[in-house]
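Number of protein chains: 2
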Amino acid sequence: MKAEIISIGDEILIGQIVDTNSAFIAKQLNAIGIEIHQITSVQDNEECLVKAFNKAKSKVDLVITTGGLGPTKDDLTKKTWCTYFQDELILNEGVMSHIEEIFEKYVKTPILPADKSQAYLPSKSIPLFNKYGTAPGMWMETSECVFISLPGVPFEMKSLLIDEVIPQLTKRFKTPFILHRTVLTYGLGESAIANKIEKWENQLPEFIKLAYLPSLGRVRLRLTARGTDEDLLKNEIDAQIKDLHTYIGDIIRGYEEDLGLEEQIANLLTQNKLTLSTAESCTGGKLASTITEIPGASAYFSGSIVSYATSAKNDVLKIEKEFIEKYSVVSAEIAEEMAKRTRVLFNTDVCIATTGNAGPTKGDSDADIGTVFIAISSRVKTESFQFNFGTHRERVTHKAVNKSFELLMDFLRANLTNLVA
Amino acid sequence: MKAEIISIGDEILIGQIVDTNSAFIAKQLNAIGIEIHQITSVQDNEECLVKAFNKAKSKVDLVITTGGLGPTKDDLTKKTWCTYFQDELILNEGVMSHIEEIFEKYVKTPILPADKSQAYLPSKSIPLFNKYGTAPGMWMETSECVFISLPGVPFEMKSLLIDEVIPQLTKRFKTPFILHRTVLTYGLGESAIANKIEKWENQLPEFIKLAYLPSLGRVRLRLTARGTDEDLLKNEIDAQIKDLHTYIGDIIRGYEEDLGLEEQIANLLTQNKLTLSTAESCTGGKLASTITEIPGASAYFSGSIVSYATSAKNDVLKIEKEFIEKYSVVSAEIAEEMAKRTRVLFNTDVCIATTGNAGPTKGDSDADIGTVFIAISSRVKTESFQFNFGTHRERVTHKAVNKSFELLMDFLRANLTNLVA
Numbered sequence: 001m002k003a004e005i006i007s008i009g010d011e012i013l014i015g016q017i018v019d020t021n022s023a024f025i026a027k028q029l030n031a032i033g034i035e036i037h038q039i040t041s042v043q044d045n046e047e048c049l050v051k052a053f054n055k056a057k058s059k060v061d062l063v064i065t066t067g068g069l070g071p072t073k074d075d076l077t078k079k080t081w082c083t084y085f086q087d088e089l090i091l092n093e094g095v096m097s098h099i100e101e102i103f104e105k106y107v108k109t110p111i112l113p114a115d116k117s118q119a120y121l122p123s124k125s126i127p128l129f130n131k132y133g134t135a136p137g138m139w140m141e142t143s144e145c146v147f148i149s150l151p152g153v154p155f156e157m158k159s160l161l162i163d164e165v166i167p168q169l170t171k172r173f174k175t176p177f178i179l180h181r182t183v184l185t186y187g188l189g190e191s192a193i194a195n196k197i198e199k200w201e202n203q204l205p206e207f208i209k210l211a212y213l214p215s216l217g218r219v220r221l222r223l224t225a226r227g228t229d230e231d232l233l234k235n236e237i238d239a240q241i242k243d244l245h246t247y248i249g250d251i252i253r254g255y256e257e258d259l260g261l262e263e264q265i266a267n268l269l270t271q272n273k274l275t276l277s278t279a280e281s282c283t284g285g286k287l288a289s290t291i292t293e294i295p296g297a298s299a300y301f302s303g304s305i306v307s308y309a310t311s312a313k314n315d316v317l318k319i320e321k322e323f324i325e326k327y328s329v330v331s332a333e334i335a336e337e338m339a340k341r342t343r344v345l346f347n348t349d350v351c352i353a354t355t356g357n358a359g360p361t362k363g364d365s366d367a368d369i370g371t372v373f374i375a376i377s378s379r380v381k382t383e384s385f386q387f388n389f390g391t392h393r394e395r396v397t398h399k400a401v402n403k404s405f406e407l408l409m410d411f412l413r414a415n416l417t418n419l420v421a
Numbered sequence: 001m002k003a004e005i006i007s008i009g010d011e012i013l014i015g016q017i018v019d020t021n022s023a024f025i026a027k028q029l030n031a032i033g034i035e036i037h038q039i040t041s042v043q044d045n046e047e048c049l050v051k052a053f054n055k056a057k058s059k060v061d062l063v064i065t066t067g068g069l070g071p072t073k074d075d076l077t078k079k080t081w082c083t084y085f086q087d088e089l090i091l092n093e094g095v096m097s098h099i100e101e102i103f104e105k106y107v108k109t110p111i112l113p114a115d116k117s118q119a120y121l122p123s124k125s126i127p128l129f130n131k132y133g134t135a136p137g138m139w140m141e142t143s144e145c146v147f148i149s150l151p152g153v154p155f156e157m158k159s160l161l162i163d164e165v166i167p168q169l170t171k172r173f174k175t176p177f178i179l180h181r182t183v184l185t186y187g188l189g190e191s192a193i194a195n196k197i198e199k200w201e202n203q204l205p206e207f208i209k210l211a212y213l214p215s216l217g218r219v220r221l222r223l224t225a226r227g228t229d230e231d232l233l234k235n236e237i238d239a240q241i242k243d244l245h246t247y248i249g250d251i252i253r254g255y256e257e258d259l260g261l262e263e264q265i266a267n268l269l270t271q272n273k274l275t276l277s278t279a280e281s282c283t284g285g286k287l288a289s290t291i292t293e294i295p296g297a298s299a300y301f302s303g304s305i306v307s308y309a310t311s312a313k314n315d316v317l318k319i320e321k322e323f324i325e326k327y328s329v330v331s332a333e334i335a336e337e338m339a340k341r342t343r344v345l346f347n348t349d350v351c352i353a354t355t356g357n358a359g360p361t362k363g364d365s366d367a368d369i370g371t372v373f374i375a376i377s378s379r380v381k382t383e384s385f386q387f388n389f390g391t392h393r394e395r396v397t398h399k400a401v402n403k404s405f406e407l408l409m410d411f412l413r414a415n416l417t418n419l420v421a
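For the protein sequence lines, the chains are A and B, in the order given.
In terms of full-length UniProt numbering, the first sequence opens at residue 1 and continues consecutively.
In terms of full-length UniProt numbering, the second sequence opens at residue 1 and continues consecutively.
Isolated chain A (complex conformation) (with noise of 0.2 angstroms):
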């Protein structure tokens, strides 16, 4: 089963939005055997969206667009379903009594009939319960290929999609199994990486796909396998990952399968009942905002000290201002002594601390842009790394904080024995 997406808003075609739906709706669609052969941004605009949907029923099964289903007149999914599809729109009571629910207990002001405009659906389709909103999703079949319209506010769309879309589409249609695995590497750029994998690349069945994912300091191997025997499938990309071990084993880290490298932190200090503060300069909060994404951090996660101005690590940290201008404020003494600091403060297990130099400018200190000093402290011991991250801010900081996840993980894995003693 083939699939296309289109995402309608003329917000996301002038660039003040980014799609995010589209890559939710195509990973889970991926995940039950279904490929996306195209994904399609198009204007708020009738003639538009129907030359997309003509053109996507020639070349797929299934149409998924997500929005236009607001109740202002600039929203014309409705009106489009209505004229493709040769239909009309009547009211839906089930969608009528939800919508006077919401106003009655959230909303608290009168419906207005744009509100009720919500309820009325094209005769034809088949309506999707919207529980975080007044615009059900739609559900219409022809002949050639299945439409499905949901919304595009995205945590509306994607409870949508995981409550009712997914469990139907799987229940109606048999799909083949598509697997993706994908290996990090670390170290290494990705035309070495290509050089010394060569032969191995070469060998690969048919019916496995790799592709070369580079991003800040890491390469991605993902390999990506389709058929419709389930074990068959396993078995060989098992056997292909354990094979492209004798050729680049020192510089693969591990898999991302469902969970990235945080998740994986985040489960083994959970296992191992350790706790874990930060002690945050240039990365400026996202190591504490990454690691609080994850529900159930509280388990584990204490909290950070934000020292960005080098005030703050004398009037927070107490570390002494001498100390601070012998040394400097981006070095591996003061990165350490952040650590060991913030790790008392808190009282945790282990702490990891940041201080750098992001630019545009120098700031306090005499260290080139881009230099960026990383420290674990634990009661085990106290460690610290020195980078140069190149001179794009936003990069240094993206990279600080991919570095300092690495780090955590091989710290916890080379002590975790001595640490839960």
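There is no bait here: all hints are sound.
DSBU-like, lysine-lysine: derived pairs with alpha carbons at most 35 angstroms apart:
no. : chain 1 : residue 1 : chain 2 : residue 2
1   : B       : 362       : A       : 131
2   : B       : 321       : A       : 381
3   : B       : 73        : A       : 234
4   : A       : 105       : A       : 78
5   : A       : 131       : B       : 196
6   : B       : 73        : A       : 242
7   : A       : 78        : B       : 196
8   : B       : 59        : A       : 73
9   : B       : 131       : A       : 362
Think of the hints as simulated: they come from the structure by calculation, not from any bench.
We have chain A already, so just place chain B on it with the hints.
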């Protein structure tokens, strides 16, 4: 001039990454009067790309692609260009020296044949200099259409677009003016606003289009004017917005032009030499990381105490355990204590604090999931506010961050005279 953006890469179509490049390109092109007709994401596959090129060139005058320019086998853009334009790859000496320089300075490993292949370009194309990487961009003109190829790595793409593509486009083509003005409102839903401004909306001239953009707790109204006379467009749009105030002046909080609310706050603090700290529980470092994303934050931002665990509020902020037990960790009293104590610790003029329960479980407090208290403290006064942001974890945090910056802006405006006195 109309354009289509084509992003290339299986990683987009399986939802492994979000395509942020297209929004960036769309915004930049729009700013120089180029309208984006469609954004299309296609697979790393010659046939798909050729089809996309054919469809695009029948509708638009400019096609910009991102991705598929890497040194590995899955990167097919240059090969596809050669097929499509009946061209062949030839060595570009300038690009080769640049690659050699990058390897000597940064990569420090031998140059492999795959790296050298980056210097071979379609003979009919004009290379675009990529100062951050080994893959140059490419520019090719046919009688029907301009084709531009950019790398997929975001910071390389951005630098090429800004430094090479935009200047060339503005020099080569005369484009009309596209003016966007976005009015920020808060406190009313989109249907209620639509109802209040119906008369105004109906009298808008043909060349001004209105869009409603609802997001968490805010509705943005975007007016877009297109035409050839820049002054006329500006005057008309200004007059319309002035008129809009007579309908909903009470809920208009400002305008989104180049500056977001956080940047407006940054400017206000810097201009008035005021300093800021944050004390975060449920927002987990997101206030600090949002603030420090803006270059120059060190001029006014001292840092944050992320007291995520209840124990941290005692360990680090020294709020007495009895006090926490008396009022509960999610309360106005705790939010105010967090703000007061953090402000004193960092010695800043203002501190903003959050404490709440984002779910999924209740945690160390009896407060309903979604309850958030936000407090702002200065030597002039300390205030706090209570909210319920619903049951969706990600949304609760996001709304708390948005609301914090709104309240901070209100606080700064209301108390500026006293704060700088």
